Amino acid sequence: MKIFQKEIALKPHKRGFHLITDLILEAIPELSQINVGQLQVFIKHTSASLTINENADSTVRLDFESHFNKMVPENAPYYKHTYEGPDDMPAHIKASLLSSSVEIPITKGQLNLGIWQGVYLCEHRDYGGSRAIVITAFGV
Amino acid sequence: MKIFQKEIALKPHKRGFHLITDLILEAIPELSQINVGQLQVFIKHTSASLTINENADSTVRLDFESHFNKMVPENAPYYKHTYEGPDDMPAHIKASLLSSSVEIPITKGQLNLGIWQGVYLCEHRDYGGSRAIVITAFGV
Amino acid sequence: MKIFQKEIALKPHKRGFHLITDLILEAIPELSQINVGQLQVFIKHTSASLTINENADSTVRLDFESHFNKMVPENAPYYKHTYEGPDDMPAHIKASLLSSSVEIPITKGQLNLGIWQGVYLCEHRDYGGSRAIVITAFGV
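In order, the protein sequences belong to chains A, B and C. Going by full-length UniProt numbering, the residue at position 122 of the first sequence is 122; the numbering climbs one at a time, nothing skipped. Going by full-length UniProt numbering, the residue at position 65 of the second sequence is 65; the numbering climbs one at a time, nothing skipped. Going by full-length UniProt numbering, the residue at position 108 of the third sequence is 108; the numbering climbs one at a time, nothing skipped.
The shape of chain A in the complex, shown without the other chains:
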């Protein structure tokens, strides 16, 4: 088995949903050495998350932000964890509704994504700062 792992820091992104597929591919050129396998991207935070979705039309990412803000509102009367600001507790919930990791098959040295699929960094805080991600690729 081959296994490669990289930890990188993403520059700060504004609150919202951002395509990071190219950043991942740049970080792990060893992917080309894997014929069959799997790649994981893991985010080491609890107020930002990862998901896979549409990679072409930026309005999809705007609508994600609008909908998640509605489904997980700020200042809900039942929140007790409020001392880090109104964007904090919703950020934690959104992060678990999405995921701390994505797992993608590797086929012939490439991510075997559908043509419309890309990896999103989901930044749920107003000022989340830099985010650390761990990329692990393994296979034969």
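There's no promise every hint is true.
Repeated chains share a single entry, so a pair holds when one copy, or any two copies, can fit it.
[Claimed, not checked] Below, in silico cross-link-like pairs of lysine to aspartate or glutamate (DMTMM-like), each with a Cα-Cα straight-line distance of 20 Å or less:
#, residue 1, residue 2
1, 70, 87
2, 108, 22
3, 2, 26
4, 70, 126
5, 108, 7
6, 70, 88
7, 14, 57
Quick caveat, the hints were computed from the structure, so don't treat them as lab data. Please read these numbers as outputs of a predicted model, since none were measured by experiment.
Use these hints to put chains B and C onto chain A, whose structure you have.
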């Protein structure tokens, strides 16, 4: 390490939640050769998804459809990505609330699922058509 | 490749969100033998789930319970799967909104989590009883 990978096309399913555990098992008979490992099922689309849930009572799957339609409604006034029809943007959001993949442990040549667990294809479009999935099993 | 797998039974937890990171680490001391790899925790149930979130302030976990109860209410008029009690169908939906598994990178014999990340057992039933989880760690 042993690793096996298959890409298959699922026939079109109507909008809703469908059990596909048996289709997965049929597609990868090499599973029986793995004593300890993991299986991934990955869907190459952004308006259909995968999850694991109850495999016995079909009303659970109906209730999933009802609830997701309520939680992620069509025609929300804040949607900007509307040109592919009212079922499109909700489909993208539902796909990320669920997942593009499921990962299941393999034990003694079989999926180590609970007795009530099955894999769902979650078809979020009215006419989603055929869906491509990649099945990867690895272990020793 | 090294691969280790353990199946354990968690004692009954009350409805809500509970940190189980230490229980996982205790169950798989072989983790220390893996320099680079990945750990999966999988729950063999459809009315309890797993997620990764904030590991310090217990009010985060209380707010998770409050918000999920609001987002996926009991006794929704459209539920058809009602014969196992009002907490059952919401439990299935919550389980799929979160996940049946978490996957975490392993680096130098340890889980490569962020300092604020922990693994939650999400018990969605009023009386869920003991829960079986399968822990699989692999790598080199």
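Violating hint indices (sorted, rising): Hint check: nothing fails, all pass.
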